[in-house]
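Residue numbers (the numbering used here), protein chains in the order written: chain Y, 1 to 244; chain Z, 1001 to 1244; chain H, 2001 to 2244.
Careful: at least some of the hints might be erroneous.
Stated by the list, open to error - Derived BS3-like pairs: lysine-lysine, alpha-carbon spacing no greater than 27 Å straight-line:
id, chain 1, residue 1, chain 2, residue 2
1, Y, 172, H, 2203
2, Z, 1079, H, 2174
3, Z, 1172, Z, 1120
4, Z, 1174, Y, 5
5, Y, 142, Y, 203
6, H, 2142, Z, 1075
7, H, 2221, H, 2075
8, H, 2142, Z, 1007
9, Z, 1079, Y, 12
10, Z, 1007, H, 2174
11, Y, 172, H, 2005
12, Y, 174, H, 2221
13, Z, 1079, H, 2172
14, H, 2142, H, 2120
15, Y, 75, Y, 5
16, H, 2093, H, 2142
17, Y, 142, H, 2075
18, Y, 7, Z, 1142
19, H, 2206, Y, 142
The hints are simulated quantities; they were obtained by calculation from the structure and are not laboratory data.
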Amino acid sequence: MFKGKIKSDFLKGIIDATSILVDEVKLRITSDGIFARAVDPAHVGMIDFKLLAGAFEEYEAEEESELGIDLDKIKGILKLASGEDTVSLSHGKEERLVIQIGNLTRKIGLLDTSTMPDTKIPSLELPAEVVVRTDELYKGIKASEAITDHIVLLADPEGFELSAEGDTDTVKLKIPKSQLSSLKCDEQVKSMFALDYFSDMVKSVKSDEVTLRLGNDYPVKMMFQIAEGNGEVMYLLAPRIESD
Amino acid sequence: MFKGKIKSDFLKGIIDATSILVDEVKLRITSDGIFARAVDPAHVGMIDFKLLAGAFEEYEAEEESELGIDLDKIKGILKLASGEDTVSLSHGKEERLVIQIGNLTRKIGLLDTSTMPDTKIPSLELPAEVVVRTDELYKGIKASEAITDHIVLLADPEGFELSAEGDTDTVKLKIPKSQLSSLKCDEQVKSMFALDYFSDMVKSVKSDEVTLRLGNDYPVKMMFQIAEGNGEVMYLLAPRIESD
Amino acid sequence: MFKGKIKSDFLKGIIDATSILVDEVKLRITSDGIFARAVDPAHVGMIDFKLLAGAFEEYEAEEESELGIDLDKIKGILKLASGEDTVSLSHGKEERLVIQIGNLTRKIGLLDTSTMPDTKIPSLELPAEVVVRTDELYKGIKASEAITDHIVLLADPEGFELSAEGDTDTVKLKIPKSQLSSLKCDEQVKSMFALDYFSDMVKSVKSDEVTLRLGNDYPVKMMFQIAEGNGEVMYLLAPRIESD
């Protein structure tokens, strides 16, 4: 048995962030909160999130359970709530998730979780960490989209750089250390990524800042807080092989 | 000869409400105001409206006349007026309706009304009457659209209910009597309707509240005021046969 | 060598105005400012603009140069700047135009200007001149688009008129002299134009007023200021032959 009441925007944030990678997700519900982890079908991007009990106005989860969720259905019903509306979630004996917004009750059939794989987070040593403004990152992405489909992320002791190269055109977003909220980097690291994945990930960041952990030709870890600090999203994105 | 000046929004409201059912309409113009009645080509929905002379800033109609109107043409020209702009309408000997907005004059060729049928409103006994907030109704419709193409409307002495059922999913909007502006209902009545028609009708309601009259497996009547009380729209929607 | 800093909106205005006619343009850069002239592939419309050094916050152009520009690329990068942002432009020895917005640097490959023709402005005697509000003109155009694909512009000593005629419908925008900012017209002049070109031209006007110069079955000249008076756009549009 699970029951929870939460501000609509908090739930929307986590659903949107997950739906850039997968259509369905297995939610693990414990007395601490809601957890999920998923890898996209092409095995390029991973999401791992927690939405802690503290993010909820009311929260009650007797025993641990797993719910298989169709993300589009939840997105559809959340569109009918304004950001400050409270959304009630509950799940009892029935194989349905009950969502209530005001006078409206929506029951969503649950998916079979037995076919949804368990995902492990690979252990990675990512020596550099950058905390950067989300809107700056977004501009770099938008400019890059016009000329190519992959970008290079680079950190060195002086700052952070996003760059893209087309046939005749280039884009460079160079943020000096002084304009970064934090920079931990002893020596230059550099990796290349698929722009469409990176773009989707950055667009789903709801906080003003995002933390990036980088290595050399290694995955990037992107982390940001949700639900006013009562939860976190971690994305992992595999690198592309640079052909130079 | 007919001449009238009216606030653009008042005219827009009535034109939009009619155009969800038909492309063309026969306006009956009398000294009391403008009247029209139309049934959609599939004979599922009907509109009956009156826009009284009191809705106009100036109004003059010497003898009764009938004008065949292409609704898309009027909608197009009204888009050029802001809501508070005054629109002048006139019709003289010429077979054209003259519409003036500021310095702009648009003449619209009239349609032959001889082929447009006269429509009678069927006499119906609809025992229940509910006055409900339009935005509540709208949320119920939007939620239902995700799972099915028909809805059930139900009234009983305790309140009003809109419900929809898909294969695994359900939607229920249940408004208790205390949250309704008015409820007249001695015993439960229930009818099923095509969601697309009902949705179009509710979306064209410009007032905060709408009155529904319901029976058992019977049409629903939907009524709302326009032009600050100087007119009214009545929709009639045929029921679908429930197969249970 | 050329360097300039300019408010994003000023640059956007001129790029948008040019891109309604051509995809590429040859910019002539002198110590006085930036100049361009282009004719659309169908030879129906021409643009001639100047963006004076005074429009720039900083401006430096050592010797005269010509840059071949892909307009879509510039439009794309300018979308990332808000209207008040400063955009830095520079061109050195490299065959690329460097555009900087904050921390973002975009290098755009230049096009070969040797294949871009030089364009001369035909000398025309256009006896009538009208200064008209852009939004009035815009309404006349929108109304006309619903019924036909060409319009007639007419000036006489009493005022200015835009009219369009469909099979059964007509549009007339008639602005009396008293509502025009200026009217110089000794006798009636009248010409017909392709509505799509005229519409695109009027939509790209950023100032409140636009000056039209007209003759009898002759091109129309349209002129408006840009960059707060530090520049001007002149459009020339060839007439259509009226078949009556």
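Hint-by-hint comparison with the structure:
no.: 1; hint: Y:172 <-> H:2203; in the structure: violated (33 Å)
no.: 2; hint: Z:1079 <-> H:2174; in the structure: holds (19 Å)
no.: 3; hint: Z:1172 <-> Z:1120; in the structure: violated (34 Å)
no.: 4; hint: Z:1174 <-> Y:5; in the structure: holds (19 Å)
no.: 5; hint: Y:142 <-> Y:203; in the structure: holds (10 Å)
no.: 6; hint: H:2142 <-> Z:1075; in the structure: holds (12 Å)
no.: 7; hint: H:2221 <-> H:2075; in the structure: holds (26 Å)
no.: 8; hint: H:2142 <-> Z:1007; in the structure: holds (20 Å)
no.: 9; hint: Z:1079 <-> Y:12; in the structure: violated (35 Å)
no.: 10; hint: Z:1007 <-> H:2174; in the structure: holds (21 Å)
no.: 11; hint: Y:172 <-> H:2005; in the structure: holds (19 Å)
no.: 12; hint: Y:174 <-> H:2221; in the structure: violated (45 Å)
no.: 13; hint: Z:1079 <-> H:2172; in the structure: holds (16 Å)
no.: 14; hint: H:2142 <-> H:2120; in the structure: violated (32 Å)
no.: 15; hint: Y:75 <-> Y:5; in the structure: holds (17 Å)
no.: 16; hint: H:2093 <-> H:2142; in the structure: violated (47 Å)
no.: 17; hint: Y:142 <-> H:2075; in the structure: holds (12 Å)
no.: 18; hint: Y:7 <-> Z:1142; in the structure: holds (20 Å)
no.: 19; hint: H:2206 <-> Y:142; in the structure: holds (26 Å)
Hints 1, 3, 9, 12, 14, 16, counting from the list given before, are not met by this structure.
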